[in-house]
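Now for the letters of each chain:
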Amino acid sequence: MRLPALLLGPALLVNLAIFIAPMANLAALSFHEARPSGGVGPGPTLATWASIAEDEYYIELVTGSIGVALGVTVLTLLAGYPLALFIHRAAPRWRNLLMVACISPLLVSAVVRTYGWMVILGDTGLVAAVLRFLGMAKPPRMVFNLTGVVIALVEILMPTMILCLLAGFGRLNASLEEAAASLGAPRWRVFMRVVLPLSLPGVLLGCLLAFVLTVSSFITPKLLGGGRVILLATEIYDQAIVTLNWPVAAALSVLSLAVFGLALLLYGRLLRMVEA
Amino acid sequence: MIGRAAHRTLIAALFLFLLAPVVLVIPMSFSADAFLIWPPSGFSLRWYAAMWRETKLIDAARNSFLLACLVCAVTLVIAMPAALVLARGRFRGREALVALLTAPLLLPTIVLALALLILFVGYGLIGSWPGLLLAHLLVALPYGIRVLMTAVSTLPPAVEEAASSLGAPPWRVFRRITLPLMLPGVTATAATGRDVPLRGKPDRPAGRRGVSAAGAADAQHRHRAGARGGARADAG
Amino acid sequence: MAGTALVLEGLTKRYGALAPAVDALSLTVQPGEFIGLLGPSGCGKTTTLRMIGGLIEASGGRVLVDGRDVTALPPHRRDMGIVFQNYALFPHMDVAGNVAFGLEMRGMKRGEIAAKVQAALDLVRLGHLAKRRPKELSGGQQQRVALARALVIEPSVLLLDEPLSNLDAKLREEMRAEIQDIQRRLGITTIFVTHDQAEALAMCDRIAVMAQGRIAQLGTPHDIYEHPASEFVADFVGRSNRIAGHAADGRITIGDLAIDAPAPVAPGPVTVMIRPHRIAFTAGGAGWNEVRGSVRRVTYVGDVLACEIAAGGAAFLVEQPTRPGAPPPETGTEVRIAWRVADTLVFPRESA
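Just so you know, the sequences run in chain order A, B and C.
The first sequence lines up with residues 1 to 276 when you count with the numbering used here.
The second sequence lines up with residues 1001 to 1236 when you count with the numbering used here.
The third sequence lines up with residues 2001 to 2352 when you count with the numbering used here.
Hints in this document: simulated from the structure, not taken from any laboratory.
Where a beta carbon is used, it is the ideal one built from N, C-alpha and C, also for glycine.
One should not assume that every hint holds.
Unchecked claim - Taking CB as the label site, the calculated pair distances span:
#1 B/R1094 to C/E2174: 30 to 36 Å
#2 B/T1009 to C/E2174: 55 to 61 Å
#3 B/A1060 to C/E2136: 30 to 36 Å
#4 B/P1027 to A/R93: 54 to 60 Å
#5 C/H2092 to B/P1170: 27 to 33 Å
#6 C/G2127 to A/I20: 57 to 63 Å
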């Protein structure tokens, strides 16, 4: 036990210095109050928490962020599942190629992909050009609003979702499906009774990650939202860097951690249910 | 087979959706326009020339590279022994330790960055090399531990025992057997060490991202929309 | 090369509060002897081997090599060659590199290493594959590299942990002979762990049959097979008819049958065990047990004819080599079967 302690020591020390201590400090900061002149007042006080609890804006921010995250999660699952299943069933020599194609967006940063979506969805972009060509005088606006943010987030999260789903399909092999079919199940029942249940752990993991990543997503809402789409992460940024109201930023951080905790808890519960 | 055709179309559409933004960025980088317009009015290399003229960008790239080397080295030195213990050890609280040491990968980057920023302001670490190093370790270290743990656990069984039965003392077993066999995992860590600093710069495209051998669960933190917050913490 | 004496004294391995995996095991191995540790999985044979090699710490007892206590030594200072079940070849080194590793660790000079590696590879007939990587070799070749790697360091003791279990049946018999040859030639003291009784009988000088962390019987293959010390050993080594009976007045009754035992048996419930191939379709005589029964099932397996005979409410499996011109008995016919009294193994019934 002495040697392991020695080997783990440096990692634990660094973890304490740059993770535990800052996070504890951040949590403590939420029990202070911002002075009108800027800076942080003496604590502890519940004033910041009280102001957040009373402000409808923040309540809407939290519920809205959760709502957007849930929506993005469901859409990502719906878009990712058919692709993942297609890749899983592809012939081995195609499979690797398809997999690389699916995952290749991960090699490009979210910033670049967000710019890509601005090119596609912008007022002078690809989709607008096509719609105009088809005769639509005034194509709908798809950037600087929630529509664009959701479309881009779904695309950005798809590779992650597909990876999780493929991992979940690991337990699924062709002979299981063939067995079900040989027992008289039509294709859709094979899917509902065999494919879907077996893939549920992967679905859950993919959904957890998509949800969590949406809640903490930052660049995409900032760029594609044009300041009009405000989510937890962007608000934390604005409070911390623009408004310089650290206590509120800290309190919102704690709130987002709580949302994460709830998501993890739910994931654990559902996973146990699925695997039972 | 209308169903089959519809299925094919759906798959093709989804692939198109997934790959469109990445594919489009390449022609756009050759655009001759000053704004994001599709289709571009013409193609040119003007943006590449502009990038080359930007000396600050080149300086930043050099600093990034130096920092990356430093982060990478420190990460390996700290993460390797921890990963060995965590992957091999059979002691109480092991799971909890793994969770603690890799937790920064799961939490929102903006929150982590803010926490560091606030603490660093107090200690005057903003904009300093130690500050930069620590900030990058926040993500590089958990990632390194995770990747190396995977590397350790995929070592072929019994080879280390075989080496020691042939007379190799523990450190030689590590140097001649464990380390070389972990090399793929170590390379992955080294790559992230370089990767994270590149991502952390303000207003720049985040660095490259990869899919690690560690699999899907590791993929998530590589998407980090919150890098800008971290960038501010670094850049001061 | 003169072999080394290996002595185990009360060797014990405990994991937590569970029953000990190895329970005060004592064994004296003569120099140059080939000893088999034979038993079902979980009997503690591999644990014993790993304690001898120092791969796991003993909870109690001692390991003595030529009278020297090595119990506290780490594996790299024990000087034992180990061949692992999955061979554990170093995937990042070629065959020669694998074999050279132990010599390098001993600080041997390059030229000397090269010569020894070549000799060791020649010994296992792999001299021509020195530059191959382990994954480019077949299972049998990998196994021989592992053997060469363990032997080249001229260990005091050779430990073989189920070395043949990953090979297919034909190769296994080949390797059996090869390992046995090399061991005889080098005269190296060898511990051989296996769950395959045929392997143990074929290869070992003596066999320690293990059960529940203890040695159930130690003896030559002949002893173990012909004179098993317990019902467990008789059942585990070779195949046996296993029939419940009752001992009284110097005889044993099985239903309405009465047979003789080779030695006096204490009255009470007993298990009678007879090897199927020791029973013949003949009339008995003096020194034979004879019973009558009816043929219930006949199985023809080419070289062997297996018949199940119902008699005395029990089933007797009879196995005889097939002969031309001797048609198998028909199901339902009445037959006489007999076996030597000396082939009758009788054990008191393990507490009912």
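Each hint, compared with the structure:
| no. | hint | result |
| --- | --- | --- |
| 1 | B/R1094 to C/E2174: 30 to 36 Å | violated (45 Å) |
| 2 | B/T1009 to C/E2174: 55 to 61 Å | holds (59 Å) |
| 3 | B/A1060 to C/E2136: 30 to 36 Å | violated (48 Å) |
| 4 | B/P1027 to A/R93: 54 to 60 Å | violated (30 Å) |
| 5 | C/H2092 to B/P1170: 27 to 33 Å | violated (19 Å) |
| 6 | C/G2127 to A/I20: 57 to 63 Å | holds (59 Å) |
The structure does not agree with the numbered hints 1, 3, 4 and 5 stated previously, though it agrees with the rest.
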